[in-house]
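Colleague: Generate the whole structure from the sequences, applying the supplied hints.
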Amino acid sequence: MNSMLERLAKEFRITDVVERRPGLTTIKVDKDLAETLIRELRDREGYTHLNFMTAIDRIEDGLFTLVYMLHNYADKSSLSVHVDIEREDAEMTSIHTLWAQAWTYQRELRELWGIRFPGSPRQDEDFCLEGWEDIPPMRREFDTVEFCERTFVSRDGRHSEDPRDHMHEVMFPNRGGDN
Amino acid sequence: MAQLPTHSSAWDMSPPEPVDLSSGKYVKLWQGPQHPGITGNMSLELTLCGDEIVECKTHVGYLHRGFEKFMERRTFIQNFTVVCRIAVPEPTFNEYLYSAAVEELAGIEVPERAQWLRALNLEMMRLASFVMWTGGMSGAFGLYTVPNWTLTYRDYLLDLFEELTGARIYHMYIVPGGVRNPLPDGWKERTLEILKGTEKLLYEVERVMFNNAVFKARSKGLGLITPDMIDPYGIVGPNARACGFARDLRKDEPYLVYDQLDFEVITGTASDAYERAWVRQQEMHQCIDLIRQMLERTPDSGPFQARMPNVLHWKIPPGETYLKAECTRGEYGYYLVTDGSEYLRRVHVRGPSYTHAIAVMERLAVGTNIADIAGLMVSLHTYPPEIER
Amino acid sequence: MNDELEERLDEAPESQPESLRLRDIPVREELQPRTVIAPDGQEIHIDPLQDYYCQAGPTVQTPAYTKIIEDLFNWARSESLWILGFGTGCGAIEMRPLMTPRFDAYRYGIQWRPTPRQANLLVISGYLSVKTLKRAIRSYEQMQNPKYVVGLGSCTINGGMYWDSYNTIKCLDQYMPVDLYITGCMPRPEALLQGFDDLKKLIRAGKAEGANRYAENFDWYKANQKRVIKNWNMPDYNW
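Protein chains in written order, with our numbering: chain A, 35 to 213; chain B, 8 to 396; chain C, 864 to 1102.
The reader is advised that the hints may include incorrect statements.
As the list claims (entries may be wrong) - Covered, in the sense of this in silico footprint (three residues per stretch, anywhere, with C-beta under 8 angstroms from a C-beta of chain A), are these stretches of chain B:
no.: 1; region: 75 to 87
no.: 2; region: 222 to 229
no.: 3; region: 352 to 361
Source of the hints: derived by calculation from the structure; they are not laboratory data. Please read these numbers as outputs of a predicted model, since none were measured by experiment. Beta carbons are placed, not taken as given, at the ideal position from N, Cα and C, and that holds for glycine.
Modeller: Structure (structure tokens):
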């Protein structure tokens, strides 16, 4: 694993190599070389299984970090490839030609984060949400509680009776002072 | 290592001729969420030419609750109560993977007795889930006797769960740090009796289902998964093992106590519906055997929970991890990212049905008979709740 | 009807924030009205969104002219509760054991039917995402009178553990008239049987008037539903 990463490091400008535990390593690569690196990993280094593809919203840095988790069945190691992309007008090269399952993940990313993958099949169709008119919900600026209060009506909750408040207001309302 | 083509027509899903809805040749049929022939809540938009399916589009999202979003609003200890509902028919794997991921990032070591109890709980959950699946599989082909037997039998297993954890379905037994309680008195003996009954049940099911001429005729050759489809589609679990790939996470990357147990990986020769059902039948026998081994070897004394920090104000150092477990459908994974605060930064649940029910289903449905589509769906063993979480 | 909730409904909807719209929602190709030429040359005009029973809104069903006949009808209805086989959420997993010999709901006259036209009880088993709510409403409206709705689990009462989820509804009563709630997460099969027993008592007492409530407050229910379901390509009532 380390020799492979050393070999690829210069060519693909891999940074931030962190070994999380034996068998799981995280690497970071630039956006323009990511697809080529993943293709190289799949074709030559044996990382033929795509576990998943997801995104982490780094709103404080103005980036999305795309995570591709690849797995090598031969030496049972996993590699997590992190790619940083811009948050505004997020777009990334599609990998739907590398794995037949990838277009599903890209559809989900498009709907829930707003990241576009040009060329990926059925990108603009609804996946999980239907008739959604707000911003993509997995973004960190989307406030779910405020959305729920605005859209859905809920029943009044339970009232909790704090004994101290009860005594202040109901039993001894004219008595001031502490406690 | 096989060379994968860069763009394969193996996954080109467009129908052979363009579908013209205004000619009287095609019928568009919506096998929607309200349909007895669908596992869970999913729709299939089928385009039929006569009896044969020409195109299949899946629609998910009926069970989308936005777990990954609201889990970011709850503290680590609050999350373990909600994760079991991600995969409704088989909840325990969620609890285990979430707890294990949190423990790995927090650096908490789980005592050995808790590991045995966790493995026992997981293996029993696998057995209960397979038993329910057998009912679904035969019900999809019209053999309604078998679901009545197996669902009843699954209830006895749920009784055991209720005695151990307090709940039938959503146990919330595996908590970060260990398990909630040890085995009650007499539980081992009751479990062994029920396992004997389960073996009898499996014997009956084998005779009724697998020797049935109608079942054989309908399921042999249905939904054939070829070996070159496994890696591009990310097919895992018994679907891949029936094809001959001996990939089992319990053997390849042992977690909990599976490296101390004695079992073989079960494979088949060609992954059609019949062979997949056969592999799952064998795996049920394997589950029973593993549970017996675990019941013998679980330590009777010792701590079952690690020393935990104050969970109400629990900050976990920044990190990321991906943990996998072998559930009945294949590789179930939890990807957890923390950033040093009291809330998790990102959790992603990778359910095996994500690929099986969407990409693989759309591929395999082309060319099937409309009567067999329900059987095909069930033979892939998909649970829609874990697709859209 | 809850006045406070009615007030909230009368407020003007707040303007949606500047949003990244995914795309506008056109009507799907197969739902457009069109003319199809059959293989034998006949022209057939079809309009998929025109639903022939939607020509008029639901009407209130009046009880029979004598009490004794109505009691007889209610007794018959309560002893043959046929449930629509639509597992809308988590609760579907605890409804399956009811069909097995151990808990046996069939001895109470309760069956599961595949189509809405054959069912008179809709069990909303757990949470309802907005997408499923649309289908559940459609299934409910296709059922024939008299019909009942049972809300299973705490998610139908107040959102349950999904109280802050952006895709589940919080209060089922706003969108569908509920006759009975069964609490739990998930309720055991024995709790379900007890719930059905309570529903039978309600029906026999003549108090399970959910369908009539729906017909009387039809506008209110429809307004609530349309507030949440944005993608309304369903047949609309057009009287």
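Colleague: Does each hint hold? Answer for all of them.
Modeller: Hints versus structure:
With 4 residues bearing a CB less than 8 angstroms from a CB of chain A, the region 75 to 87 of chain B meets the requirement of three and the coverage assertion stands. Residue count for the region 222 to 229 of chain B with a Cβ under 8 angstroms from a Cβ of chain A: 0. That is fewer than the three needed, and the coverage hint is violated. Counting residues of the region 352 to 361 of chain B whose CB lies closer than 8 angstroms to any CB of chain A gives 5, so the stated coverage by that chain holds, three being the minimum.
The earlier numbered hint that this structure contradicts is number 2, and it is the only one.
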